[in-house]
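Protein chains in written order, with my numbering: chain L, 1 to 215; chain F, 1 to 173.
I should point out that these hints are in silico values taken from the structure, not numbers from a laboratory. Just so we're clear, the structure is a prediction, and the values are computed from it rather than from any experiment. Treat the hints with care, since some could be wrong.
Stretch by stretch, here's where chain L covers chain F in the computed footprint (C-beta under 8 Å, at least three residues) [to be verified]:
#1 8-20
#2 145-157
List of simulated lysine-lysine pairs, DSS-like, C-alpha gap at most 30 Å [what the hints assert, rightly or not]:
#3 162/F / 10/F
#4 10/F / 70/F
#5 68/F / 10/F
#6 70/F / 166/F
#7 4/L / 10/F
#8 70/F / 4/L
Backbone N, C-alpha and C fix where the C-beta goes; we use that ideal spot for every residue, glycine too.
One letter stands for each residue in the lines below.
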Amino acid sequence: MSCKRYRLWLSQLMDGELGPEERRLLGDHLPRCQACRSESEANHRLSLTLQAWTAPTPSEELPPSLRQRLREELAAGRSAPLPSPLWRRPLARAALGFAVAGLLVPALVGSLDRSPATREAEAPAAVAPAPSVSAGEAHAVRYAARALRTVAAAEFQQRLSRAAMVVQECLQQPPEASAGAPRLGPSGDGLRTPPEEPSMDLPRVEDPQQEEVGI
Amino acid sequence: MEELFARYYKRLFGLAWRMVGHRESAEDLVQEIFLRVCRARATFRGQSRFGTWLYTIAANTCRDHLRKLKRRGEQSLAPEWEAVLTDYPLASTGALHVEQEVLRRDENRRIRQAIGQLSPRESMALILREYEGLDYREIAEVMGCPLGSVKVLLYRARQHLKERLKGAAEDVE
Numbered sequence: 001m002s003c004k005r006y007r008l009w010l011s012q013l014m015d016g017e018l019g020p021e022e023r024r025l026l027g028d029h030l031p032r033c034q035a036c037r038s039e040s041e042a043n044h045r046l047s048l049t050l051q052a053w054t055a056p057t058p059s060e061e062l063p064p065s066l067r068q069r070l071r072e073e074l075a076a077g078r079s080a081p082l083p084s085p086l087w088r089r090p091l092a093r094a095a096l097g098f099a100v101a102g103l104l105v106p107a108l109v110g111s112l113d114r115s116p117a118t119r120e121a122e123a124p125a126a127v128a129p130a131p132s133v134s135a136g137e138a139h140a141v142r143y144a145a146r147a148l149r150t151v152a153a154a155e156f157q158q159r160l161s162r163a164a165m166v167v168q169e170c171l172q173q174p175p176e177a178s179a180g181a182p183r184l185g186p187s188g189d190g191l192r193t194p195p196e197e198p199s200m201d202l203p204r205v206e207d208p209q210q211e212e213v214g215i
Numbered sequence: 001m002e003e004l005f006a007r008y009y010k011r012l013f014g015l016a017w018r019m020v021g022h023r024e025s026a027e028d029l030v031q032e033i034f035l036r037v038c039r040a041r042a043t044f045r046g047q048s049r050f051g052t053w054l055y056t057i058a059a060n061t062c063r064d065h066l067r068k069l070k071r072r073g074e075q076s077l078a079p080e081w082e083a084v085l086t087d088y089p090l091a092s093t094g095a096l097h098v099e100q101e102v103l104r105r106d107e108n109r110r111i112r113q114a115i116g117q118l119s120p121r122e123s124m125a126l127i128l129r130e131y132e133g134l135d136y137r138e139i140a141e142v143m144g145c146p147l148g149s150v151k152v153l154l155y156r157a158r159q160h161l162k163e164r165l166k167g168a169a170e171d172v173e
């Protein structure tokens, strides 16, 4: 094994992220390799140097202006419910059913289409392990995924339009006929998932920037 | 929610400051991070720890800020001495302390310069590990990359830093 692998392990060892087997192999290697021992010492010195880079203390713990702005943001978004999970949406379930049918129907048609003689000849193959996914099945699965994504976008638009109509109706009704107070999560801090009952409030538009998690 | 923000403010300020190198920019960045957290809080479903989710938003915000600066052709780090003077006010406690303070600032400057020369991914992985104390699995989750990539990023970051800090020390001598 080359020293490059051991040096990678030295970096992981610094962080306490080296597995027991790698640690054992590294422990066997270090007494025999001066270069890797020097690397280990250099890593240690680097860690001490880096810890000396201290960040300044922020001017305030949580600036009052920021605190106020956050309160406003929280108050503005407090009534917004979470969108329901994809698998619960009726149109999404229909699309999934269609996709499954798309997989099953060709298989069923294929089996019914065979003559009795062909079926007998194929009987031993019926107990063989299931064949790998065919091109048609793979296509059906891809189609289902695409359909689900399209349904999700279309259904969101429909919910938005329905919500707008409901708001309009509420505005036209007398005050005592309108919906009750907005609901909070169990802890009241907006972080927990609110109950899944239908709400009269507009759905919350997710921050698209939150979708990105990669760097 | 306010308590959570107060709890994480200093840590996120440290992260932002190490990424952008200037106190005022870091404070603005932390404000942006918290506002994004407010707007996106409905998407937190408890699948990860709240801190990890928060760091994900913070890392993305820092990344977006650096990209914006790069598009404008601006430097991601403030001019060295300006940043050093404003971020580390010199306490008037005597000559010996002043000398120590100057040495400390110089060391900080060297490290800041060396880390500033790393790639954004390397510097983010290093800062999350060395200064925020996240483990490899958490860093992978925050950065949206495999565990193996985190190991390689940290290894490369350390190799580059050792070369640059060694070179900077030789220049001084």
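Evaluated hints:
Coverage of a stretch by a chain is defined here by at least three residues with a beta carbon nearer than 8 Å to that chain's beta carbons; for the segment 8-20 of chain F and chain L the count is 6, and the condition holds. Counting residues of the segment 145-157 of chain F whose beta carbon lies closer than 8 Å to any beta carbon of chain L gives 5, which meets the minimum of three for the stated coverage. For the proposed pair residue 162/F and residue 10/F, the alpha carbon gap of about 28 Å is at most 30 Å, so the pair holds. Of the supplied pair hints, the one linking residue 10/F and residue 70/F holds, its CA atoms being roughly 26 Å apart against a limit of 30 Å.
Restraint check for residue 68/F and residue 10/F: the C-alpha separation of about 24 Å stays at or below 30 Å, so the hint holds. Taken as a hint, the residue 70/F and residue 166/F pair is honoured in the structure, with Cα atoms around 28 Å apart against an allowance of 30 Å. Taking the CA atoms of residue 4/L and residue 10/F, the gap is about 38 Å. The hint is violated against a cut of 30 Å. Proposed proximity of residue 70/F and residue 4/L is contradicted: the alpha carbons are some 34 Å apart, above 30 Å.
In terms of the numbered hints stated before, the structure departs from hints 7, 8, listed from lowest to highest.
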